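Enquirer: Once you have looked at the hints, place chain B on chain A.
Protein chains in written order, with the numbering used here: chain A, 1 to 800; chain B, 801 to 1600.
Please keep in mind that the hints were generated in silico from the structure rather than gathered at the bench.
One or more of the hints may lead you astray.
Claimed, not checked - On the chain A side, residues computed to face chain B include the following (Cβ under 10 Å): (1) F84; (2) N87; (3) G139; (4) E231; (5) N311; (6) L359; (7) V362; (8) P428; (9) M470; (10) L656.
Claimed, not checked - Below, computed lysine-lysine pairings styled on DSSO-like, alpha-carbon distance capped at 30 Å: (11) B:K1102 to A:K727; (12) B:K1217 to B:K997; (13) B:K1124 to A:K400; (14) A:K517 to A:K109; (15) B:K1495 to A:K695; (16) B:K1200 to A:K324; (17) B:K1037 to A:K452; (18) A:K727 to B:K1317; (19) B:K1527 to A:K727; (20) B:K1037 to A:K517; (21) B:K1102 to A:K452; (22) B:K1529 to A:K377; (23) A:K614 to B:K1527; (24) B:K1037 to A:K197; (25) B:K1317 to A:K517; (26) A:K302 to B:K1252; (27) B:K1177 to A:K729; (28) A:K441 to B:K1241; (29) B:K997 to A:K237; (30) B:K1078 to A:K729; (31) B:K1217 to A:K237; (32) B:K997 to A:K197; (33) A:K441 to A:K452; (34) B:K1177 to A:K302; (35) A:K237 to B:K1252.
All values derive from a computational prediction rather than experimental measurement.
Glycine included, every Cβ here is placed at the ideal spot set by N, Cα and C.
Number of protein chains: 2
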Amino acid sequence: MRSTQNIRAAEASRTLSDNERRLIDAYWRACNYLCAGMIYLRDNPLLKEPLRPEHFKNRLLGHWGSDPGQTFIWVHLNRVIRKFDLNMIYLSGPGHGAPAVISNCYLEKTYSEIYPEKSRDEAGMLNLFRAFSFPGQLGSHCTPEVPGSIHEGGELGYSVSHAFGAVFDNPDLIASVVVGDGEAETGPLATSWHSNKFLNPIRDGAVLPILHMNGYKIANPTLLARITPQELEDLFKGYGWTPHVVEGEEPDAMHEKMASTVEACVLQIRAIQEQARKANKPDRPRWPMIILRSPKGWTGPKEVDGHQVENFWRSHQVPVTEVKSNPEHLRIVEQWMRSYRPQELFDEHGALMPELQDLAPVGERRMSANPHANGGKLRKPLAIPDFRDYAVPLDSPGSKRVSPTENLGRFLRDVMKSNMTSFRLFSPDENASNRLQEVYKASPKTWMAQIKPEDADGTEIAPDGRVMEMLSEHTLEGWLEGYLLTGRHGIFNTYEAFVHIVDSMYNQHAKWLDKAKLEVRWRAPISSLNILISSLVWRQDHNGFTHQDPGFLDLVSNKSAEITRIYLPPDANCLLSVADHCLRSTDYVNVIVSDKQPHLVYLDMEAAAIHCAKGIGIWEWASTDAADEPDVVMASAGDILTQEALAAVAILREHLPKLKIRFVNVVDLYRLQPSTEHPHGLSDRDFDALFTRDKPVIFNFHGYPWLIHKFTYRRTNHSNIHVRGYKEKGNINTPLELAIQNQVDRFNLAIDVIDRVPGLRNSGAHLKEWLKGQIIDSINHANTEGTDRDEIQHWKWPQG
Amino acid sequence: MRSTQNIRAAEASRTLSDNERRLIDAYWRACNYLCAGMIYLRDNPLLKEPLRPEHFKNRLLGHWGSDPGQTFIWVHLNRVIRKFDLNMIYLSGPGHGAPAVISNCYLEKTYSEIYPEKSRDEAGMLNLFRAFSFPGQLGSHCTPEVPGSIHEGGELGYSVSHAFGAVFDNPDLIASVVVGDGEAETGPLATSWHSNKFLNPIRDGAVLPILHMNGYKIANPTLLARITPQELEDLFKGYGWTPHVVEGEEPDAMHEKMASTVEACVLQIRAIQEQARKANKPDRPRWPMIILRSPKGWTGPKEVDGHQVENFWRSHQVPVTEVKSNPEHLRIVEQWMRSYRPQELFDEHGALMPELQDLAPVGERRMSANPHANGGKLRKPLAIPDFRDYAVPLDSPGSKRVSPTENLGRFLRDVMKSNMTSFRLFSPDENASNRLQEVYKASPKTWMAQIKPEDADGTEIAPDGRVMEMLSEHTLEGWLEGYLLTGRHGIFNTYEAFVHIVDSMYNQHAKWLDKAKLEVRWRAPISSLNILISSLVWRQDHNGFTHQDPGFLDLVSNKSAEITRIYLPPDANCLLSVADHCLRSTDYVNVIVSDKQPHLVYLDMEAAAIHCAKGIGIWEWASTDAADEPDVVMASAGDILTQEALAAVAILREHLPKLKIRFVNVVDLYRLQPSTEHPHGLSDRDFDALFTRDKPVIFNFHGYPWLIHKFTYRRTNHSNIHVRGYKEKGNINTPLELAIQNQVDRFNLAIDVIDRVPGLRNSGAHLKEWLKGQIIDSINHANTEGTDRDEIQHWKWPQG
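The shape of chain A in the complex, shown without the other chains:
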């Protein structure tokens, strides 16, 4: 099966001269030789001597299967980079393809430039071999330590979305992305092919996917390799691509096919871009993609101990084991490695032959040295308008009600206006639901698929839109990561419960940041990954239980303190201040939790900015302890929870006017941790000054209560900290009813105070009965009449 384009290519006159083909093949052999060397050798790197057991590593680790296919792709991309002076990066999707990438980094000198001990000579080659899969050194994925990489691929599924993220607003860039046919079975990858409906050929670059069909995963064939060629072609046409198939195993024929196909694809990309840019008319193109069918473990041992290895899953990892003890195995490896004829590839000192060196691009055109793959180098700080200009003016605390996210939308609108080529907002069809719709005034949503006349009435979609919406959290998160890793800025906003869909992506990005920031010095800082969580657990009036899960924060806090930040701004003004801070920061994951419903505003802009900068503080206007030691500390973190905690204080102030209450609000959750655990952590002295050393603390928390204990269990007063939060009780409920079920409501909080402050058991007994009555009344009211969502927010705030 060949696509029409492919037949046309095959019929054309040959693309490669005999000499060019010979050189490309030699370069490819050099790559493959290095890959094998990385897996096997700890000595005798140039095979100057016959291989002996002591030349082999003690422990053989690594993955061969995907390597030769990927090196094949790389050398052919090199050819077109040089021929057309392309600005291209490479993303390696298959799980364990690092040797393919590292070998090329080494051959084109980038590796030696960064890691001088891996010099391009015999000693350096040996260092390279030894470092691979050696404890603490080179991993078998394209880790942050690998130059040219923005995609590690330890977990599978995100290569295509990362590639698209890289080329948005990079009109000159081509991201070539190798997709393993194993990876292609994952859900995130399967939908990410649709990213082509969001790529504008005028202002964006291009993605050239190469589906590497080597046919096998760890121990199974791949699905796509075992459907009919017609189905495969239909599938990719259905996804909106123009597939080009390169299939075979005989190197000479394959070089010619691949060279002509890659060249045809590049020309097709250029033609699409030129046409769109000249006409200034971005019709959705059918971008080219390549399906490369080549054997797994290509050019490796064909058979070992009577079992097929090449072109079979047995070549996935180390294709021949026990080489130290099994002479036949040793012979197979030697024969295999010598089949690349290293003496033709490297001189006696281990340097790549000059005629081969000439095949690689130079300087920043090398895929291993392209600055887009070290995006911090290209990053320019955002132009950010003064967030104070978007403040909600306020006479007194709680005198206004505003949707925090709706107000934020105005700020983000102008952030976008000021950064029309370097800032994007990402959401799974939820920007408007999360009340950020004001941003559409700066730019509509990107939409390269069909637009109908009725869309003019409020749909806000256009080919040159900059707001990214697709109903795939995976794709959005992947796009944003790719966008950030190449030096730009953005925010992902999503429903709280469903941010768990990208838990694993968060884990992987956090791990990447951790290594890149703390261990890989040549990587420049990139913009933080900003995740805005809205449509919170506490306001799921008609969505119910499935939409109630605040546990993402638990997950976040498992990752390194050096790169994680959690903010729970209590109101609209605080959200502005937090957002401004996060947009300026680098190398963090900032998680912002903010509801979309109208909420009371407590702090004017100046007070909010100060409060957020401190991250935690006493709200004196809500407290009654003056400068005294309080009887009780009421603390809160989260907008809805702060409202209820304040309402509880209002009740207590009215009914128990002598009670000394201190009100503490936490914006920056990590302030609670000891300073020894997190850079934002308060010293014990400062913590004690806020929370006392021995007074009861009622802490009303947005999420699962345990997180507050996790952060505070080493504090002096921990045993007195009583945390309320979501305890997995819910249904479709009114907000007050849900709060009551989880005991985060004003009435239960007031009862908590009465129960815990010594001496109140008697004097507060009457109030407690009244509070219990309020709880019953509220539930009854909800159960008979339903409740308008607004009415529960009001309370009587005592004057003076």
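Expert: For chain B alone, kept in the frame of chain A given last:
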């Protein structure tokens, strides 16, 4: 665009008589009328009076957009169920389609049978209307409370995989599954179409997907609605289906098209099954699927306030708001609801007209009453061989080394052999990697795609295989959930780090179980969801940092204590006992953490069974405190961590023979929680008896250390519990090196003891220096020579 099949169908003579079409349309109108009533009315349910503001609910909540399309599908499925006596269930993929399903449950009487107050009369109809989206009552998804549902759909993406899970080993069953075109954009859904390569027409049932292309999500068009019809057809052909398109909006024409198409699909399914079953030759068929293009909010208001509503995203939720205050809006709703002509549908008492009642299937043929959707009713306990027969015989603790999962594989092999139609094992291409390959002796992996001759050499795939492997955690988890929900049994096993890919699926299944178990009495218990986590954080010698994340347990513990269980068997015999227990249990999520590498076996089978039944206990053979109060408690949870803790004790026993050490091992992690928090929790008295009230406790834990604090922070001795665990430090490391980096190794644990036991600071000073030296030596050794994975596991266990 129409498929060939469709043209053929259209050309055939009419499927519906005029009368049948009239009746079907009336039934459909009755459904739609009820849907609208659920969203709007609190009085006047039969519109006997003109609508007045007080007839409307105070708060309008619900989703109209998807309802009329889904009711349309349901009534047409009813027709073929009756015509062909089909055994069919219905899965509602779109997020908020509950009114469509509930209205049908009500009309076919199931609803009234279960919830008598929702009787089929005027009062019952009013109760139904009032209950919908009312606090604490009927949600807008197909929650566990909805009869006939096994798929809630609050989170999107899993409808197709659930449907496939339902029909595996149910040769007679057809699962019709409505996929929203919004949901179709998610990654999990996008790859789940490939499930057709795992469905064997001989022994499995069939899935009939109906892609409901109503064109819009919350606020955007859907991607699939805005690509060309040719692309759409190519896509589904590429996925291996035969698509049939039904498109239009004029009800009469649509009824005819849908009737003929659904009938054609059913006949096609039957033909495929008959052919395969007769020939006993399961070639992969191209199963039929339907693409239904109908307007969003079909038959609803066309326009409101000058904005298009029908066939646009504006009909997603409540299509007309402010009906109490806006007379024009009230008029629109009245006109719309009366357009269904309720007086023709219901008699004056509110009962569905008899001629319409006859249209629904009866008894268990009703999709709302099909027993497969209440799988616990059909569930039969597994036939389980005696796990003791698979024991590792043992002379003394630590005298053998066995891979726990490899040994488990033998047990699972025979579990499978004994339950060849009701048990399956699911894994993302990792069963063999996780060493469970012995199960292939009972049955190979299911594979309906192409099989090549070379597969005979060890690939273990066959059309009638029962082990499910595809590189999509989402699809596997979805299949298993569907399989369990319909009354069968299974295990999902996956790499520890990547179980996070299904975090959100776990959350949703746990929430389903929580409600189904505790609140929905008519649902019978289903088999527990068993998740076996292997390839653990501590043994990622060549995979490195990306593969190190034990945080799934944190997520698990956020869900209800009534349905969550976590087991960390320390060795192969304990794993057998735990697995046996989990396979017998119902209505839990059981998470089992067990490594695949060879580990020491500590307990013989009898001791293991007792230890696991207790879930926690003192290992006296490892302790030196006799019956005395110990100087220190060394505790462990997890196989690798237990080994290091024991090794630390061995060192201490040798060097500090007078030190009284108590060794406690925890299998059932929830034993640590107070009994007030979890049914498995120890009483404080029992906890104190194990961990003392005041002695130092060194706890070596498999996961992030916090979880132990979370479970124990209310215990008497909590301030003395010192937890070691993974603290996010890693790379490609030798096991000992990784342990040392995270301080869970024997040397650091011994130092912990010296540091924390009063009086050892001096007497243990010399040992501490030696231990530090060991740490440095170990790191140096790893950094110079690398280390074979085995050598660190040995230690000298003092005799006597």
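Enquirer: Does M470 (chain A) pass the interface hint, meaning its C-beta sits closer than 10 Å to a C-beta of chain B?
Expert: holds (6 Å)
Enquirer: Please verify whether K997 (chain B) and K197 (chain A) have alpha carbons no more than 30 Å apart.
Expert: holds (28 Å)
Enquirer: Given the hinted pair K1217 (chain B) and K997 (chain B), is their alpha-carbon gap at most 30 Å?
Expert: Roughly 23 Å separates the two Cα atoms, so the pair holds.
Enquirer: Does the interface hint hold: is N311 (chain A) within less than 10 Å of chain B, judged Cβ to Cβ?
Expert: Hint on N311 (chain A): holds, closest Cβ of chain B at ~8 Å, below 10 Å.
Enquirer: Would you mind confirming whether the straight-line C-alpha gap from K1102 (chain B) to K452 (chain A) stays at or under 30 Å?
Expert: holds (17 Å)
Enquirer: Check whether the Cα positions of K1124 (chain B) and K400 (chain A) lie no farther apart than 30 Å.
Expert: The hint holds at about 26 Å.
Enquirer: Straight-line Cα separation of K1037 (chain B) and K517 (chain A) no greater than 30 Å?
Expert: violated (46 Å)
Enquirer: Please work out if K1495 (chain B) and K695 (chain A) have their alpha carbons no farther apart than 30 Å.
Expert: The given pair, whose Cα atoms are some 27 Å apart, holds under the 30 Å limit.
Enquirer: Given the hint that K1078 (chain B) pairs with K729 (chain A), does the C-alpha gap stay at or below 30 Å?
Expert: violated (52 Å)
Enquirer: Per the CB criterion, is L656 (chain A) less than 10 Å away from chain B?
Expert: For L656 (chain A), the interface hint is violated, since the closest Cβ of chain B sits about 28 Å away, which is over 10 Å.
Enquirer: Check whether the Cα positions of K1529 (chain B) and K377 (chain A) lie no farther apart than 30 Å.
Expert: holds (27 Å)
Enquirer: So, E231 (chain A) near chain B? Judge it on the closest CB pair being under 10 Å.
Expert: This interface hint holds because 5 Å falls under the 10 Å limit.
The earlier numbered hints that this structure contradicts are 1, 2, 6, 7, 10, 11, 20, 25, 28, 30, 31 and 34.
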